[in-house]
Amino acid sequence: MKLITAVIKPHRLDDVKNALQAYGVHGITVTEASGYGRQRGHTEVYRGAEYQVDLVPKVRLEVVTDDDDAEELLEVIVKAARTGKIGDGKAWIVPVDSVVRVRTGERGPEAL
Amino acid sequence: MKLITAVIKPHRLDDVKNALQAYGVHGITVTEASGYGRQRGHTEVYRGAEYQVDLVPKVRLEVVTDDDDAEELLEVIVKAARTGKIGDGKAWIVPVDSVVRVRTGERGPEAL
Amino acid sequence: MKLITAVIKPHRLDDVKNALQAYGVHGITVTEASGYGRQRGHTEVYRGAEYQVDLVPKVRLEVVTDDDDAEELLEVIVKAARTGKIGDGKAWIVPVDSVVRVRTGERGPEAL
Ligand SMILES: Nc1ncnc2c1ncn2[C@@H]1O[C@H](COP(=O)(O)OP(=O)(O)OP(=O)(O)O)[C@@H](O)[C@H]1O
Ligand SMILES: Nc1ncnc2c1ncn2[C@@H]1O[C@H](COP(=O)(O)OP(=O)(O)OP(=O)(O)O)[C@@H](O)[C@H]1O
Ligand SMILES: Nc1ncnc2c1ncn2[C@@H]1O[C@H](COP(=O)(O)OP(=O)(O)OP(=O)(O)O)[C@@H](O)[C@H]1O
Ligand SMILES: [Mg+2]
Ligand SMILES: [Mg+2]
Ligand SMILES: [Mg+2]
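Residue numbers (our numbering), protein chains in the order written: chain A, 1 to 112; chain B, 1 to 112; chain C, 1 to 112.
These aren't lab readings, by the way, just hints derived from the structure by calculation. Any given hint might turn out to be false.
Treat identical chains as interchangeable: a pair holds within one or across any two.
Simulated pairs of lysine to aspartate or glutamate, EDC-like, Cα-Cα distance not exceeding 20 Å [said to hold, decoys possible]: (1) Lys85 <-> Asp69; (2) Lys85 <-> Asp97; (3) Lys79 <-> Asp69; (4) Lys85 <-> Glu72; (5) Lys85 <-> Glu71; (6) Lys85 <-> Asp67; (7) Lys17 <-> Asp97; (8) Lys85 <-> Glu62; (9) Lys79 <-> Glu110; (10) Lys17 <-> Glu71; (11) Lys85 <-> Asp66; (12) Lys85 <-> Asp68; (13) Lys17 <-> Glu106; (14) Lys17 <-> Glu32; (15) Lys79 <-> Glu106; (16) Lys79 <-> Asp14.
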């Protein structure tokens, strides 16, 4: 199993959720975050307002997934999140040893 | 070392904290999150109110732990978080290379 | 690639950001969190106020980095976050399989 984490522009969340649903992803976890990338100090535009502050609001998305789907799913997220402007975000994959569905105790792929 | 992440119903946090303390866990990190699982679109009940929205409030819990305790601790969290109703949550384990206690610089099991 | 996560005192964030910038780190993600460590129940001081509650406000910081920089960067964060008082925080490293810059689709070290 793998865990994909993506830090994206908040206004792209709906498109990313739709793309994930179309791909057949059954669950995601979302956290409010903030951050900066290479253009620290440069201006980023967020919902029509310019940010001069160095921490810009972002959304942090997590998806636990099968090994076989992980790289393709990463691409799905990245494409749906992309605007082509700086600050579009960063996404990464980490290995997962075990997953459990809390209600049933199911493990592995059945837990997703 | 391992990192356990659990996304649970917010009203189960106290029971999970108590179960972790009883197990001898010395530290946890908690983040507010939201998410959906397999029953996206289905109604989940949160603190007596029905949620029709697709992102339901959850609590995201992290515990860094010894290799030997990780699987048992995952079970402790899962059992304490369980209500038996849909939306109970998801929990997973990822490998950890290094851990440090910031105050002392201690590494490994001593850092926990 | 590696992912460093550090849970630190909120008032140390600026010093940690400056230390990371001085080191040449190009991006970070920040999330508000709360937690407790070994001294659960002990009093922690946060922005001049004493906290008797068991969950004390913390900042959760993430940095994806090259393998070669990870351990040194962990030390940079730990030193910048340290006050010498209890509750200074915990930091850990997990392995990363893949990283992508969303805007360009770049992978690996070029994505950072
Ligand atoms: N190395 C990193 N580690 C963790 N999070 C990062 C890292 N780099 C960027 N981020 C997160 O991703 C968000 C977006 O980064 P951003 O897209 O600006 O990266 P970038 O490399 O500067 O790319 P671009 O040139 O397209 O702006 C940041 O606000 C931050 O939350
Ligand atoms: N694959 C996943 N990746 C990341 N987070 C997930 C995933 N699936 C679920 N979650 C998180 O766990 C929370 C609870 O999920 P949920 O318990 O509804 O899962 P489920 O598989 O639908 O199980 P149930 O049938 O018991 O509802 C979600 O709100 C989301 O935050
Ligand atoms: N095992 C752990 N897993 C995940 N997060 C932890 C763990 N231990 C501590 N934390 C996080 O780090 C924060 C700071 O912990 P803290 O510095 O109090 O650890 P400690 O071991 O008690 O060290 P000290 O003796 O210096 O207080 C906690 O509020 C919590 O958010
Ligand atoms: Mg940028
Ligand atoms: Mg569900
Ligand atoms: Mg402590």
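Against the structure, the hints come out as follows:
no.	hint	result
1	Lys85 <-> Asp69	neither (27 Å within a copy, 28 Å between copies)
2	Lys85 <-> Asp97	neither (36 Å within a copy, 25 Å between copies)
3	Lys79 <-> Asp69	within (15 Å within a copy, 29 Å between copies)
4	Lys85 <-> Glu72	neither (23 Å within a copy, 32 Å between copies)
5	Lys85 <-> Glu71	neither (23 Å within a copy, 32 Å between copies)
6	Lys85 <-> Asp67	neither (30 Å within a copy, 28 Å between copies)
7	Lys17 <-> Asp97	neither (25 Å within a copy, 23 Å between copies)
8	Lys85 <-> Glu62	neither (23 Å within a copy, 22 Å between copies)
9	Lys79 <-> Glu110	between (27 Å within a copy, 18 Å between copies)
10	Lys17 <-> Glu71	within (17 Å within a copy, 31 Å between copies)
11	Lys85 <-> Asp66	neither (31 Å within a copy, 25 Å between copies)
12	Lys85 <-> Asp68	neither (30 Å within a copy, 30 Å between copies)
13	Lys17 <-> Glu106	neither (25 Å within a copy, 22 Å between copies)
14	Lys17 <-> Glu32	both (15 Å within a copy, 19 Å between copies)
15	Lys79 <-> Glu106	between (32 Å within a copy, 12 Å between copies)
16	Lys79 <-> Asp14	within (13 Å within a copy, 33 Å between copies)
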